Structure formats: C-alpha cells, structure tokens
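Visitor: Work out the full structure: start from the sequences and follow the hints.
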Amino acid sequence: MEKGTCILLVVHGSKHPDARSSASRFEAELGAAGLPAPARLCFLRMSEPQLPESMEAAAREGFRRLLVVPLFVFPGQHLVEEIPDLVRAFRAAHPAVHVEVGPALGENRAFVGWLRDWLTERVAAPATREP
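When the sequence shown is numbered by our numbering, its final residue is 122 and no position is left out of the sequence of numbers.
These aren't lab readings, by the way, just hints derived from the structure by calculation.
Since this is a predicted model, take the numbers as computed values, not measurements.
We put the CB at the ideal spot given by N, CA and C, even for glycine.
Zero decoy hints are in this set.
Here are the simulated EDC-like cross-link-like pairs (lysine to aspartate or glutamate), alpha carbons at most 16 Å apart as the crow flies:
hint : residue 1 : residue 2
1    : Lys(-6)   : Glu47
2    : Lys6      : Glu39
3    : Lys(-6)   : Glu52
What follows is a set of in silico ranges between Cβ atoms, one per label pair, in the way DEER data are often shown:
hint : residue 1 : residue 2 : range
4    : Glu20     : Val71     : 26 to 36 Å
5    : Glu98     : Gly22     : 16 to 26 Å
6    : Val103    : Gly53     : 35 to 45 Å
7    : Pro117    : Gly22     : 27 to 37 Å
8    : Ala48     : Pro117    : 38 to 48 Å
9    : Gly22     : Arg51     : 15 to 25 Å
10   : Ala118    : Ala87     : 47 to 57 Å
Guide: Structure below.
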C-alpha cells in the first residue's frame, strides 16, 4: 500500500549507552507532539538503524516521500557530503520516492531563537558547579 510522507530524523550516533536512550526519548517526545507524519530516528554511524537502512525500510513500507532531517547544528561534512551521497544512492535505486533533505539546525531562525531564550534564562539563573 502506498503511503505519504515519512520523517527520518538523522543523528550522528554514539557508542555511549546514554546517547541511544536520549535519542529514543527525543523520538518518543516528537511522536507524542503530534507531528504531521510518522517520524523515525536513524543514525549515520555507530548505532542502528542507519540512514540507508531507514530509507530502504520506509520505501518497502510504501512511503513515497521521505523528509530527511539532519539534527546537526552546522553544515559540516555530514550535511555537505555524507548525507547527500547516501540520498543520491537511494534515489538512483528508488526513483519513485521523493527525498528532501532539511538544513542544518543553525540555519533555522526558530532554533536560533530557542538558543537565545535558553541562554538568556541560564545567564539570569544562579550559577551551579555541576557540569
């Protein structure tokens, strides 16, 4: 059965056990927030599922549009080279599936506004010795 859009949230990945649990909580919170399409977490390295497998799985399930959302602050090598290369390879194998890649978080005014608000709050708060 053909489906609409699937959102793929892409994070780097880590061997640290807390990283995976934090990412899973984030994925669950986004799902509970009432997104307009199903969202799945995937990784570039060190964790599963990785982006290529996630794109393949979404295509097998019948999704015809994938929104790849890199959760990286700046457009470094991952956003400029690695993710586009993976998307190109997927598009070559699945020309009927439309894939759109989002920008770096730092290029989003809402993210910049959130960071400004958080920093303003932290500067006004009492200092702590915790890391």
